[in-house]
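Quick mapping for you: the protein sequence lines, in order, are chains A and B.
Take the first sequence: its position 211, counted from the start at 1, is 211 in this note's numbering, and no numbers get skipped.
If you want this note's numbering, it's the position in the second sequence, counting the first as 1, plus 1000.
Since the hints were derived computationally from the structure, they do not count as laboratory data.
Treat the numbers as computed from the prediction; the structure is a model and nothing was measured.
Keep in mind that the hints are not guaranteed to be accurate.
If the Cβ cut is set under 10 angstroms, some of the chain B residues that face chain A in the computed set are [stated by the list, open to error]:
| hint | residue |
| --- | --- |
| 1 | G1018 |
| 2 | T1054 |
| 3 | T1057 |
| 4 | G1160 |
| 5 | S1248 |
| 6 | Y1272 |
We put the beta carbon where it would ideally sit given N, CA and C, even for glycine.
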Amino acid sequence: MKALTALAVVVALAACGPKERSAPGAASQPQGSTVSINGAGATFPYPIYSKWFDHYHQLHPNVQINYQSIGSGGGIKQLAAQTVFFGATDGPMTDAQLEASPGPVLHFPTVLGAVVPIYNLPGVTATLRFSGPVLADIYLGRIRKWNAPAIAALNPGVKLPDTDIAAVHRSDGSGTTYIFVDYLSKVSPEFRKTVGVATSVNWPGGVGAKGNEGVAGLVRQTPGAIGYVELIYALQNKIAYGAVQNKAGEFVTASLDSVTAAAAGAAAGMPEDFRVSITNAEGKDAYPIASFTWLLLYENPADKERARIMADFLRWALADGQQQARELGYAPLPPSVIEKELEALKKIRI
Amino acid sequence: MAVKRTRTTGDDRWFRIGTGAVAALVLLIVAGIGVELWRQSALSIEKFGFRFWTGRTWDPVAGEFGALPFIWGTLYSSLLAMLISTPVALGIAIYISELSPRRLRVPLSYLTELLAAIPSIVYGLWGIFVLVPAVRKLEIATPESWKRLPLFSGPPLGVGMLSAALILSIMVIPFTSSVAREVLRNVPSAQREAAYALGATRWEAIRIAIGYGKTGIVGAVMLGFGRALGETMAVTMVIGNNPNISLSLFAPQYTMAAVIANEFTEAADELYLHALVEIGLLLFVITIVVNLLSRLLIWSTRQRFTTTAASPAMIDQGAKAA
């Protein structure tokens, strides 16, 4: 059996042919041979990244970009260990992580994601409205019933049942959790103090389920449950979700447009390094639980050929690539952010 | 013995050295895993010491880690699973080895062992879509007076300790029942014949056989227990993943294997990573202790079987040698 497996591996490697043969770090490749670049990180943008890398490979048959969706934390670790050429993350690197990395790292927003509250309330057909503080209190275990005055006040005319709220969160560390708790911490000082912001946090109660599908599955089955999932996941699986009150006081239902609007609202105050949280963004149309997802590159990489290719790829992803985002359910970046990024791409020493 | 030694050829010696080396390799691997787990959890061991075993807080944001809720959840779920599965597994083993028609023995053994071949993710999915809704119905139907007991308190979520214990019990049945079956099969027929000769009924004869293989059967149960301790995927999908220590069967809880599987990929912080590895170390220690106990028990029954079974033959040999 082992021998068979080994044989299969050999055959599979042989079948890959010259594609796989380009050794890492071989900058002096002769013209015409394939260059392969490896990256790892966030799972959230994996569908769009794999489509982009595939498309880019068709445009440039000698470039093969491989991406492993091992999670944002893993991507940052692998980038710091220099086992991959680029990383990807849903939460920006912390100052401590940047200091610990062997060289300066640049963040490049690629697309936008959003997190939406989903719920299961038999008999309630209207789209429920939530506010940040109410969501925070639900997840803190302070609001325990669906007919609590705080929820009823946001939803006049909706007959809310006297059911216990079962708050479902992600049990696995995830960028989705990061975006959600980042928002709740901004709108509720109590939440910031007792829970805080990270990819896994110490939830005061509720139930943990694994992955977007685990949360959605549990919410769908449990009357009285509330959960949070990626907007793409809700769109693709046709799950109804609630509207959330934004900073301007408007109730906004997440959509690709309202997410892009959130990024546009934040673009004005965008820092040089793009490490910015756009939850609770300004703007009348902005959806408040949104975030960039970033590609991570070293500012001064040793391998100039691969750096040139990645910079070229990013320029393509920021132009033509953005057109493909929408059909996969990702919100495209606003033009103001793209402009700044094209400028920042010049920082990479190639 | 003297006869054997003169017959040893070069081939025999190399065979012995070769297999011995492989056996030593297993020991080395186990020791290596232990050492590596220790090394990779050094930060957490240094910072928390024994407090890691007794701490109840698991807060990656504040960097405060205690493993007690996970240890509790692991032991409690495995113990409950054994309570449910042991009678069933032993019933299967006794039926197959003592009562079933000869023609049914092989298919029955095969089918029970097939349970072990189902991937745990499949058990998990079945748990989410079939078991959890059924458990929720059961929880809703629980009379209010029962819910005042700590064993049945909490809202009816479906996911929680009961679902985890039920799914685990199904998963360990093949392990317990196949070892118990072998133990019963190893009981010398002289035992049963003697019982029948004394006028015992079938039930009494079976009881004597069980009594004879008692320690081996306990070993079989312990083996199942060891299996239940380490189960990850199916449990994390139905247990609710909430680190709280509760007697309640309805409460969402957490296990050691589940927290590692859930949080390892996103643990970017050094101390956090070391704390997760230390959970792995604790689980490693607990599983080794349980497995060691089960091996010891099985081994001690084997000793008894071989001495009793072999004694007439040995007497024969002794006579020939004389």
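Now for the hints, and whether the structure bears them out:
Look at G1018/B: its Cβ only gets to about 16 angstroms from chain A, farther than 10 angstroms, so that hint breaks. For T1054/B, the shortest C-beta to C-beta distance to chain A is roughly 17 angstroms, which exceeds 10 angstroms, and the interface hint is violated. Annotation: interface hint on T1057/B holds; nearest CB of chain A at approximately 7 angstroms, less than 10 angstroms. Annotation: interface hint on G1160/B holds; nearest CB of chain A at approximately 8 angstroms, less than 10 angstroms.
At about 14 angstroms, the closest approach between the beta carbon of S1248/B and any beta carbon in chain A exceeds 10 angstroms, and the interface hint on this residue is violated. Proximity of Y1272/B to chain A holds as hinted, the smallest CB-CB distance being about 8 angstroms (cut-off 10 angstroms).
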